[in-house]
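S.K.: Sequence:
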Amino acid sequence: MHRYRTHKCNELRKTDAGKTVKISGWIHSVRDHGGVIFIDLRDHYGKTQVVINPQSKCYQELDRWRPETVACFIGKVVERIPETVNPKLETGDIEVAAEEMEILGDADVLPFQVAKEEQSPEALRLKYRFLDLRREQLHKNIIMRSQVISEIRRLLTGMGFNEFQTPILTSSSPEGARDYLVPSRVHPGKFYALPQAPQQFKQLLMVAGFDKYFQIAPCFRDEDARADRSPGEFYQLDMEMSFVTQDDIFAVLEELLPAIFNKFSTKKVDTAPFVRIPYREAMSKYGSDKPDLRNPLFMQDVSEVFANSGFNAFAAAVKNGGIVKAIKVPGIAGQPRKFYDDMIAFAQSAGAKGMAYIIWSNGEEKSPIVKFMSRAELDKLKELGNIQDGDVMFFLADKEKLVNAVGGQVRTELGNKLGLIDKNVFRFCWIVDFPMFETDEESGQIIFSHNPFSMPQGGMEALMTKNPLDILAYQYDIVCNGVELSSGAIRNHRPDVMYKAFEVAGYGPATVDERFGGMIRAFKLGAPPHGGIAPGVDRMVMLLADEPNIREVIAFPFNQQAQDLMMNAPAEVEMKQLRELRIIPLPHPLKFEKTFKDLQEEARKASVEE
RNA sequence: GGGGGCGUAGCUCAAUUGGUCAGAGUGCCACCCUGUCACGGUGGAUGUUGCGGGUUCGAGCCCCGUCGCUCCCGCCA
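When we follow my numbering, the leftmost residue of the first sequence carries the number 1, and every step to the right adds one.
Hints are computed from structural coordinates only; laboratory data are not their basis. Do not take every clue at face value.
[Unchecked claim] Each computed DSSO-like pair below joins lysine-lysine, with the alpha-carbon atoms no more than 27 Å apart: (1) LYS285 / LYS212; (2) LYS338 / LYS319; (3) LYS57 / LYS76; (4) LYS88 / LYS76; (5) LYS290 / LYS371; (6) LYS371 / LYS382.
[As the list claims (entries may be wrong)] What follows is a set of in silico ranges between Cβ atoms, one per label pair, in the way DEER data are often shown: (7) PRO509 / GLU601: 52 to 62 Å; (8) ASN424 / GLN147: 19 to 29 Å; (9) THR511 / GLU122: 40 to 50 Å; (10) GLY517 / LEU599: 24 to 34 Å.
The beta carbon of each residue, even a glycine, is placed where N, CA and C say it ideally should be.
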């Protein structure tokens with residue numbers, strides 16, 4: 001007989017009755033009747049009821065076990081009588097009558113219960129993550145994550161992709177997020193950076209002729225957390241392909257994503273091709289570059305109606321270069337007054353000065369603003385909004401950017417409050433035609449709006465002839481239910497176009513050579529046209545597991561302050577290590593550049609004296 | 001860096017307007033119980049109400065500060 005087990009805890013059935021078996025696992029729950037004792041023994045696979053009768057020789061050994069003790073039982077499989085069958089357990093037709101037991105791992109009193117899916121403080125859950133991971137829901141999520149990744153590998157390999165590894169210790173990239181830095185011992189004062197994404201490496205693999213690349217790539221960014229953004233590190237399904245257009249990349253994702261989502265969820269999944277929405281349209285209609293298409297509401301421009309109306313607040317907004325936008329909500333005229341007040345308060349908390357509304361009910365308009373408007377204006381609104389009796393329109397007026405931003409939030413709030421969002425579907429869309437450049441709000445300069453490696457639409461000619469702000473890029477996002485899964489782009493693989501693009505953004509060729517020397521050198525020695533995309537693995541699994549928080553699909557996540565409460569990271573290190581790295585930690589509030597320089601000078605003197 | 005929410009027993013939470021409010025469930029400990037499956041029953045122990053200060057005759061409750069967690073803004077090419 002095996003040292004620990006002949007069967008797993010989900011295996012035994014009626015047909016096994018009479019066999020002597022050995023099973024091991026955690027004591028999930030104990031029901032002690034004074035005479036007979038029942039134990040649910042749990043392992044990764046399931047649960048089995050163990051019965052200990054008073055005449056069993058292990059009955060006396062039951063001193064000090066607690067829930068979550070790891071134990072091994074030898075006993076005979078017994079078919080349960082019909083009255084005692086437990087239909088909730090896979091193994092509920094049988095039980096194991098224990099003859100011998102062995103404690104394999106003691107358990108102290110638990111900081112929280114494993115057998116109950118009871119909420120407990122996240123800090124505690126993170127500190128005792130190994131316990132939390134035993135709980136059913138989290139355990140299932142992590143297994144799903146494993147299976148999703150395994151399926152991605154299977155599908156992509158089948159589509160001719162090869163999986164690669166790229167360096168974890170690399171150099172700091174001048175663009176993008178804050179880097180995590182790793183000091184070099186061999187080169188004191190110099191630093192490696194952890195990759196924010198293997199962006200340049202995957203492009204170089206294309207230049208190297210590998211044609212189709214993918215990697216379940218760890219990415220490191222020193223930025224603050226959100227519910228859907230784990231600080232520190234996360235995983236991307238990083239992909240890159242040569243000799244492709246934007247449509248080719250879309251086709252791969254439109255095959256891959258429905259396959260994955262259909263396999264791991266029972267929700268209805270959009271079929272290919274996914275809707276494509278130009279960036280500007282997304283901002284204008286949904287007030288977001290990651291619209292949740294489950295929400296049927298959208299904004300429309302009604303500035304023309306109010307431009308000359310008697311409603312001065314709106315007319316003035318239009319005269320001052322702003323716009324008025326409307327969100328039509330069908331059939332909610334019966335909502336109480338409080339609903340409108342709450343929505344207005346919400347809009348104000350989102351940054352609006354106010355929000356107006358008109359209710360079409362029983363053939364007439366009801367609203368505080370109606371008295372300022374002409375019949376013709378009201379009729380025009382009705383026509384623009386294709387209004388039926390019972391419909392309501394909400395209005396926001398201000399500068400376009402603000403109206404879009406607030407309107408987007410109002411749209412989401414209305415969708416949530418009114419239950420307009422179908423929880424049983426996955427709605428995908430591509431956001432395309434991102435602008436190549438934008439104006440920096442502080443300096444007024446032209447800057448890259450996404451990443452400098454994207455190919456401008458129209459190529460060199462567009463860069464030479466068009467207003468930079470009108471140039472679009474072959475840059476796209478894929479969005480699912482309002483969650484941005486991924487950004488991608490057809491890359492700029494031509495050095496001449498690259499230099500020109502940087503010139504538009506105010507950088508000379510020397511800067512390009514200095515910052516992206518490796519890439520430019522590669523592009524000068526025969527680079528294929530290429531492009532790619534990198535869907536977030538954590539976010540995909542989060543959607544599939546129907547979890548509102550990304551930490552629920554990561555085995556060992558950081559908390560929001562980028563700490564690992566279980567491993568106690570980050571932590572101070574030995575003085576010896578710091579000395580080797582030539583690093584002196586400074587006290588936390590370091591307010592002045594001068595303080596820093598003084599300390600640097602002192603450190604220099606000290607090291608000379610040594 | 002900024003804003004919101006939360007912080008009462010190991011855990012989940014309650015405590016009316018500032019006045020017998022230091023409480024329940026669960027867990028823990030002890031005992032009882034031979035068919036439960038979240039077993040049941042009896043009894044018991046457990047609190048710096050996150051921390052510090054203030055207002056008050058009196059603070060879990062109000063005020064100020066601080067710490068922790070979380071959500072959001074900034075940030076995330």
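S.K.: Each of the hints needs a verdict: does it hold here or not?
M.R.: Hints, verified against the model:
1. The suggested pairing of LYS285 with LYS212 is violated, with an alpha-carbon distance near 36 Å, which exceeds 27 Å.
2. For a cut-off of 27 Å, the pair hint linking LYS338 to LYS319 is broken: about 32 Å separates their Cα positions.
3. The suggested pairing of LYS57 with LYS76 holds, with an alpha-carbon distance near 14 Å, which does not exceed 27 Å.
4. A threshold of 27 Å between alpha carbons decides the hint, and for LYS88 with LYS76 the separation of about 22 Å falls inside it, so the pair holds.
5. Restraint check for LYS290 and LYS371: not satisfied, since their Cα atoms lie roughly 37 Å apart, outside the 27 Å limit.
6. Of the supplied pair hints, the one linking LYS371 and LYS382 holds, its CA atoms being roughly 16 Å apart against a limit of 27 Å.
7. Checked against the given bound of 52 to 62 Å, the beta carbons of PRO509 and GLU601, roughly 37 Å apart, lie outside it.
8. Between ASN424 and GLN147 the C-beta distance comes to about 21 Å, which sits within the given range of 19 to 29 Å.
9. The beta-carbon spacing between THR511 and GLU122, approximately 44 Å, falls within the hinted interval of 40 to 50 Å.
10. Look at GLY517 against LEU599: about 33 Å separates their beta carbons, and that is inside 24 to 34 Å.
Consistency note: the structure conflicts with the earlier hints numbered 1, 2, 5 and 7.
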